[in-house]
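We have chain A already, so just place chain B on it with the hints.
Here the protein sequences line up with chains A and B, keeping their order. Residue numbers are given in my numbering: position 202 of the first sequence equals residue 202, and the series is strictly consecutive. Residue numbers are given in my numbering: position 8 of the second sequence equals residue 8, and the series is strictly consecutive.
Hint data in this document are derived by calculation from the structure and do not stem from the laboratory. Please note that a few of the clues may not be correct.
Result set (BS3-like, lysine-lysine): computed pairs, CA atoms no more than 30 Å apart in a straight line [to be verified]: (1) K134(A) with K378(B); (2) K110(A) with K479(B); (3) K378(B) with K117(A); (4) K145(A) with K73(B); (5) K396(B) with K59(A); (6) K479(B) with K224(A); (7) K82(B) with K110(A); (8) K145(A) with K100(B); (9) K134(A) with K396(B); (10) K82(B) with K255(B); (11) K96(A) with K378(B); (12) K134(A) with K82(B); (13) K82(B) with K378(B); (14) K110(A) with K255(B); (15) K114(A) with K134(A); (16) K73(B) with K100(B).
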Amino acid sequence: MIRIFHNTTFHFLKHWRTAAIATALFIAAGLVTYATSGGPNYSIEFTGGTLMQVQFKQKPDVAVIRSTLDEGGVSGAEIQQFGTEFDYTIRARDAKQVESQAAGAEGVSKTIEKLLKAKFGDVTVGRTEAVGPKVGSELRSGAIKAMLLASLFTLIYLAIRFDWRFGLAAVLSTSHDILVTMAFIKLLNIEVSLTVVAAILTLLGYSANDTIIIFDRVRENLRKPRKGETLGQILDRSINETLPRSIMTHATTLAATLALLIFAGEVIRPFAWVMAFGVFVATFSSIYVAGPLLMFIESRYPREAGEAQSRAMRAGGTEPTPPTPPTNRPRGGDRLATR
Amino acid sequence: MANLKYRLLLIVGLLAVSAWSLFPRNVVERVKRNGVFVYDTVQRVPLKRGLDLQGGMHLELEIDESKQAVADKSEALDRALKVVRQRIDEFGVAEPLVQKAGDNRIIVELPGIDDPERALELVQKSAFLEFQITDKTQALERVIPRFDEIARTAGITAANAKTAGGDTAKSVGVTSLLTQKADSGKDSTGKAVASTTSDSAGAKPADKPVAGGLFASNVQPGQMPGQYFVPEAAFAAIDQALQLPALLDAMPPGKVMRWGVDSIGEPGARAYALYVLDARAIIQGDALTDARPSTDPVEGNVVQFTLNNEGARRFKSETGKHVGDNMAIVLDQRVVTAPVLNSAIGRNGQITLGGGSLQQAQDLALVLRAGALPVPLKVAQYGTIGASLGADSVSKGVLALSLAMGLVVVILIGYYRFAGMLAVGALVLYLVYTMAMLAGFHAVLTLPGLAGFVLSVGIAVDANVLIFERIREELDHGKSVRLAIDEGFRHALSAIVDTSATTILSGMVLYQYGTGPVRGFAVTLVAGLVASLFTAIFVSKTFFLVWLNRSRGVQTLSI
Numbered sequence: 001m002i003r004i005f006h007n008t009t010f011h012f013l014k015h016w017r018t019a020a021i022a023t024a025l026f027i028a029a030g031l032v033t034y035a036t037s038g039g040p041n042y043s044i045e046f047t048g049g050t051l052m053q054v055q056f057k058q059k060p061d062v063a064v065i066r067s068t069l070d071e072g073g074v075s076g077a078e079i080q081q082f083g084t085e086f087d088y089t090i091r092a093r094d095a096k097q098v099e100s101q102a103a104g105a106e107g108v109s110k111t112i113e114k115l116l117k118a119k120f121g122d123v124t125v126g127r128t129e130a131v132g133p134k135v136g137s138e139l140r141s142g143a144i145k146a147m148l149l150a151s152l153f154t155l156i157y158l159a160i161r162f163d164w165r166f167g168l169a170a171v172l173s174t175s176h177d178i179l180v181t182m183a184f185i186k187l188l189n190i191e192v193s194l195t196v197v198a199a200i201l202t203l204l205g206y207s208a209n210d211t212i213i214i215f216d217r218v219r220e221n222l223r224k225p226r227k228g229e230t231l232g233q234i235l236d237r238s239i240n241e242t243l244p245r246s247i248m249t250h251a252t253t254l255a256a257t258l259a260l261l262i263f264a265g266e267v268i269r270p271f272a273w274v275m276a277f278g279v280f281v282a283t284f285s286s287i288y289v290a291g292p293l294l295m296f297i298e299s300r301y302p303r304e305a306g307e308a309q310s311r312a313m314r315a316g317g318t319e320p321t322p323p324t325p326p327t328n329r330p331r332g333g334d335r336l337a338t339r
Numbered sequence: 001m002a003n004l005k006y007r008l009l010l011i012v013g014l015l016a017v018s019a020w021s022l023f024p025r026n027v028v029e030r031v032k033r034n035g036v037f038v039y040d041t042v043q044r045v046p047l048k049r050g051l052d053l054q055g056g057m058h059l060e061l062e063i064d065e066s067k068q069a070v071a072d073k074s075e076a077l078d079r080a081l082k083v084v085r086q087r088i089d090e091f092g093v094a095e096p097l098v099q100k101a102g103d104n105r106i107i108v109e110l111p112g113i114d115d116p117e118r119a120l121e122l123v124q125k126s127a128f129l130e131f132q133i134t135d136k137t138q139a140l141e142r143v144i145p146r147f148d149e150i151a152r153t154a155g156i157t158a159a160n161a162k163t164a165g166g167d168t169a170k171s172v173g174v175t176s177l178l179t180q181k182a183d184s185g186k187d188s189t190g191k192a193v194a195s196t197t198s199d200s201a202g203a204k205p206a207d208k209p210v211a212g213g214l215f216a217s218n219v220q221p222g223q224m225p226g227q228y229f230v231p232e233a234a235f236a237a238i239d240q241a242l243q244l245p246a247l248l249d250a251m252p253p254g255k256v257m258r259w260g261v262d263s264i265g266e267p268g269a270r271a272y273a274l275y276v277l278d279a280r281a282i283i284q285g286d287a288l289t290d291a292r293p294s295t296d297p298v299e300g301n302v303v304q305f306t307l308n309n310e311g312a313r314r315f316k317s318e319t320g321k322h323v324g325d326n327m328a329i330v331l332d333q334r335v336v337t338a339p340v341l342n343s344a345i346g347r348n349g350q351i352t353l354g355g356g357s358l359q360q361a362q363d364l365a366l367v368l369r370a371g372a373l374p375v376p377l378k379v380a381q382y383g384t385i386g387a388s389l390g391a392d393s394v395s396k397g398v399l400a401l402s403l404a405m406g407l408v409v410v411i412l413i414g415y416y417r418f419a420g421m422l423a424v425g426a427l428v429l430y431l432v433y434t435m436a437m438l439a440g441f442h443a444v445l446t447l448p449g450l451a452g453f454v455l456s457v458g459i460a461v462d463a464n465v466l467i468f469e470r471i472r473e474e475l476d477h478g479k480s481v482r483l484a485i486d487e488g489f490r491h492a493l494s495a496i497v498d499t500s501a502t503t504i505l506s507g508m509v510l511y512q513y514g515t516g517p518v519r520g521f522a523v524t525l526v527a528g529l530v531a532s533l534f535t536a537i538f539v540s541k542t543f544f545l546v547w548l549n550r551s552r553g554v555q556t557l558s559i
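This is chain A alone, in the form it adopts within the complex (with noise of 0.2 Å):
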């Protein structure tokens, strides 16, 4: 039998202090990035716009495609590269060109394609986007709506599987999720299209997942805890016996997403790299995140001894212990828990 990280005694939370800085700065250099230049990239879908993936004949030279562009009205367009020296994207998508699509998105790409063709005889249009500036905005509001509910969901699960403490221990890592996603995003420049909003979702998904595996066998060991052994402890221990779990799935994830990373093209390129990141952050948030949030809220509002019993059981417990009935409790949090 091989095994892998088994048996470990390792003190995760003893270094919540050094994981917090590492990762306010990550955040704090996005933040950065942010500041300094402005929103994430935003793709067409977000901003309206048009994008055209065209196939040249021969290696065109960008500056000769700004310049008919320009010539023809199609000015401060993005022109990029993309996958071979034939094939490259054209963004246009200031202020102007955005406007005018809100008579019909599809005018200025017909425009680009006529230039081109005019100028460079045989291009072929692999594929067009084009955006009015409506959709774009409605776009926008909806992936940020999906955001919030998917959160919210979860924290309403939570609450019920296991109970209010966990819930927002992991809502909160997964906002941290969110924003160190952004940063990241930020830092390698990657454009924010809705399969990348897709992508932040499944990460956030996947985050949840490896918090909830974590949280469900710290509910476990609750449930039976060692003598005088404290909640740091306990954590410490359910994290060290799901560790070979956690890196066996995380290997594996990381395999598939590396197949996609570097297989699976272009377009889906962005997707992956965010789910390659994703599979770190999971495994970083869900130990030395959620788990420090998890100590903090404990101390804030501890709950009584039989209370964490009682809830264990119903969450889920298959041990015959009695549930302690719950004594009266003084403040609004517990009772939200008990719904």
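Chain B in isolation, oriented as in the chain A frame:
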């Protein structure tokens, strides 16, 4: 063990159902071939590919309120939807999707099309409704010899129209025809020219000259004056010939020819209605103020319509002259129907459908109102993806997917040995179940969908890893193999259920707020999670039970 038998039965049963639902089957598709709609039977796996994988065009149309506000948007949208759908059908795409989105948008997806310009033009032009009397002077019969001569000069026969995209395209006649067509596409009739030349895949070479001329042998009189039928085989050639300027010049004065909206007859032996109409319209759509379906105790389902003052005056005098004649209702140059005029009609008229269903009455009323009150539509979103790009994405996606699977199998078997093999078996079942679910939901496979699939494989593996690690722990505690397996599954259950539930919740949110590709991603993710729940909790456990059953009293487990 009876329990085990039922478990196996359920797994095998589900596998059989899944395999059946994934088996390539005959699907009837409406495709445009040689410029003609044909119902074709193709054999394929019932999993649809999204636009990003097979190429095509998508459009999001929005009611344009920049010029005037639209009072009843939902009603206006219904009318617009009807018109757009009819025009898309004319365009001839195998499986077009035309649906409402929200209260002011229409989504159009046209897989595999290569002429976005024309599709755009077709969808956006405003509907044009005319009422025209059908010809009863047999004008067409008189000019058929002349028509045949023109068609012969231009080199159009029923046979070569089919092969025009092939070798014959080089002949002078057809080449000049092609250039003429390119011009006539923008002529004042606004009639969209069917691109017969580019659609002629699968043409049958048949070089026999048609005896008796193109029109004489193929155009048969129909039941009403001015109506003719053209067999499917000759449709392309006749449609092509009707575009010829020379032929338009040879039309009897004051007459025009229009196709009917759809065909009659059985697949394979279809006939298309061709009408000869008075060129001058009695009234046009703008004279119509309302049209609504109704049921008359005597006449059955009818459509009642109301005209404005001026329209009513003209309609009354014109219809008075034509009692007993047929009046064609022509939408966008296509005859929708041609009822008989029973009497002179003033402001309020009624079209009797002669036993048609209420649905037909509603549809006709929609057509009439669409012509009367076209809503201007503008493009809110527009995108095209080349077919080659799509094919490229498919091959890359499949490569990544199979590679990811390979890696997972190696890791699982390398680390968990025997138990890993059981897990791989469960994973194979998981794959089949997921694909079957996707086919069952009529889900569309997109590139992000493939990515979602890869991820859900990761989650399915995670469930197995959780269980195995737990079993190892129980074994460490000195429990017997049977007990350890039992406890391992039981303790891992809560974690698996909780993680799956939260991810399914996120997936549902994504589905609700996502569009197109993102929805594809959400669907595959959720389907994958459901399948992974089942395989991890039920299938893997059954495999272990079978193994325990076969090797009783076993002391060690290779895990």
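Hints and how they fare:
1. K134(A) with K378(B): holds, 12 Å
2. K110(A) with K479(B): Distance of about 72 Å is beyond 30 Å: violated.
3. K378(B) with K117(A): holds, 26 Å
4. K145(A) with K73(B): holds, 26 Å
5. K396(B) with K59(A): holds, 24 Å
6. K479(B) with K224(A): Within the cut-off at roughly 19 Å; holds.
7. K82(B) with K110(A): holds, 27 Å
8. K145(A) with K100(B): The hint holds at about 22 Å.
9. K134(A) with K396(B): violated, 34 Å
10. K82(B) with K255(B): Holds, at roughly 29 Å.
11. K96(A) with K378(B): holds, 18 Å
12. K134(A) with K82(B): holds, 25 Å
13. K82(B) with K378(B): holds, 16 Å
14. K110(A) with K255(B): violated, 38 Å
15. K114(A) with K134(A): holds, 26 Å
16. K73(B) with K100(B): Roughly 12 Å between the alpha carbons, so the hint for K73(B) and K100(B) holds.
When each numbered hint is compared with the structure, violations occur for hints 2, 9 and 14.
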